[in-house]
Amino acid sequence: MPDTLSLDVIDADGAIRETAAAAAGDTRARFLAKAGLLGGGLVGSSALLGLNPATAGAQGKSDIAILNFALTLEYLEAAFYTEAESMGALDGELALFAEVVGAHERAHVKALKAALGSNAVARPRFNFRGTTESASGFAATAQVLEDTGVAAYAGQAPRVKSTAILKAALAIHTVEARHASWIRDINDAPPAPAVFDSPLSMRAVLAAVADTRFIVPARRRRRRRPRRDTPPAPRFTG
Amino acid sequence: MSEPLTLDLLDSDGAIREALDEGMQGTRSELFRKAIVGGGTFLAGGLLIGGLPKVALGAPSAAQDAEILNFALLLEYLESEFYVRAVAGGALSGDVLAFATVVRDHELAHVDFLQTALGSSAIAKPTFDFKGTTANQTSFIATSIVLEDTGVAAYNGQGPRLRKQTLGAAASIVSVEARHAAWIRHLAAAPAYPNAPADYPAPAVLDPALSKAQVEAAVGATGFITG
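In order, the protein sequence lines correspond to chains C and V.
First residue of the first sequence: 19, per this note's numbering; consecutive thereafter.
First residue of the second sequence: 3, per this note's numbering; consecutive thereafter.
No wet-lab data here; the hints were simulated from the structure.
C-beta: ideal position from N, C-alpha, C; glycine also.
Honestly, I wouldn't trust all of these hints.
[As the list claims (entries may be wrong)] Which chain C residues face chain V? A few, computed with CB under 7 Å, are given here:
(1) Ala125
(2) Val168
(3) Thr192
(4) Ala195
(5) Ser199
(6) Trp200
[To be verified] Simulated restraints, written as ranges between beta carbons of each label pair:
(7) V:Ala200 <-> C:Gly106: 20 to 30 Å
(8) V:Gly60 <-> C:Gly106: 49 to 59 Å
(9) C:Ser154 <-> V:Ser95: 28 to 38 Å
[As the list claims (entries may be wrong)] Here's a subset of chain V near chain C, in silico, CB distances under 8 Å, partners left out:
(10) Asn158
(11) Gly161
(12) Lys166
(13) Ala173
(14) Ser174
(15) Ser177
(16) Val178
(17) Pro193
Please model the entire structure based on the sequences and the hints provided.
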């Protein structure tokens, strides 16, 4: 596990990206479309936000796609913090940070799911590649995740059509920025590294997330078969 | 001042451009400037808090953008002057001085950006009296937390009233204000956080939004703006 982790470092030569695309057996765009992130097939009922579908006023598939994009990022963050807490590798302020921020991200998931109702994408499976198992891996990864979250919300805010959804997105956006600043100060990194935070497009964020390999393909359903290749455990006879 | 700011800098990967009407021509910064200045003529003159024209709950428009950006400019004038005086005053040290120096430069750059966006419609800088809060580190920290949290809530309150292309720029500023708020909160209360969760860097699941009237009342109550 490298001490410092950035998305570029993770996939410096693009090998992971190629592998991931090959494993998916598909182009990334189609993979993401299947995952529901590009809005395909999600128009359905006019689900709404306000933090329930009745009051949100999601306007068409683009708002729903944006909400599902945000929900996927929040699923990722929430799972990361929950797993890190359960691993027990954190102490001091890092443990407090994980506890507080984890609770925030789980609440964001809940709010976005409530807003989407039946249009919400399912929670993906995750593999955090060991980053939740050490304080240094956790701290570096949390910084990347939070900075990316800030840029993702900034990129989507101008694209949101529903005012109720925009208000919710803005209220989450700055909380992510507070998280980013907090973990950066713990890491002795500049908490506010620029005069302006740069937005990232949905495409750029999804590519960065794909490169982490933190989201893994859904488990294949296997036919249940009794396992006969391992001998039964010895019985305790004593 | 660190660097000249243009919308191009804010839009390195085209996210803001995505939101722009495809039919529009010209550079993005020209578009932004035209949009802001177009409706701004009614704002001429040095308007202070409380004196800004009411365009309450109107649909987003160039005129409303200009009004909101002048409101933002007023808050950035306030913040930048606060940090300029605090750093120059010599009462700060260590991490708090480092914070004040970086944030001073950010707020000055935000002022510069908003002035450029507003052009001749930009309000003049008021005069300030910080009532001694820049003269010792404890009161500096307490005041900084209030100013930064208020800035975040003010931008979040105005975001939905902006046209989309202006919202993109505002979104790139508001998260920096939130970073400032969390940074000074961390310096103020870590690691003990005696008033948890209220004194955490991120004290809530959602950041509140404040209306312009609420922000004006809060700023007015400080007496920091004197003319």
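Hint check results:
1. Ala125: 4 Å, holds
2. Val168: Result: holds, 5 Å to nearest chain V Cβ.
3. Thr192: 4 Å, holds
4. Ala195: 4 Å, holds
5. Ser199: Since chain V brings a Cβ to about 4 Å from C:Ser199, closer than 7 Å, the hint holds.
6. Trp200: With a closest approach of 4 Å, the C:Trp200 hint holds.
7. V:Ala200 <-> C:Gly106: 20 to 30 Å: 28 Å, holds
8. V:Gly60 <-> C:Gly106: 49 to 59 Å: The hinted range 49 to 59 Å holds for V:Gly60 and C:Gly106, with Cβ atoms some 54 Å apart.
9. C:Ser154 <-> V:Ser95: 28 to 38 Å: 30 Å, holds
10. Asn158: 5 Å, holds
11. Gly161: OK, holds: V:Gly161 within 8 Å of chain C, min 5 Å.
12. Lys166: With Cβ-Cβ at 4 Å, under 8 Å, it holds.
13. Ala173: 4 Å, holds
14. Ser174: Where the cut-off is 8 Å and the nearest Cβ of chain C is about 4 Å from V:Ser174, the hint holds.
15. Ser177: 4 Å, holds
16. Val178: Cβ of V:Val178 sits 6 Å from chain C, so the hint holds.
17. Pro193: 5 Å, holds
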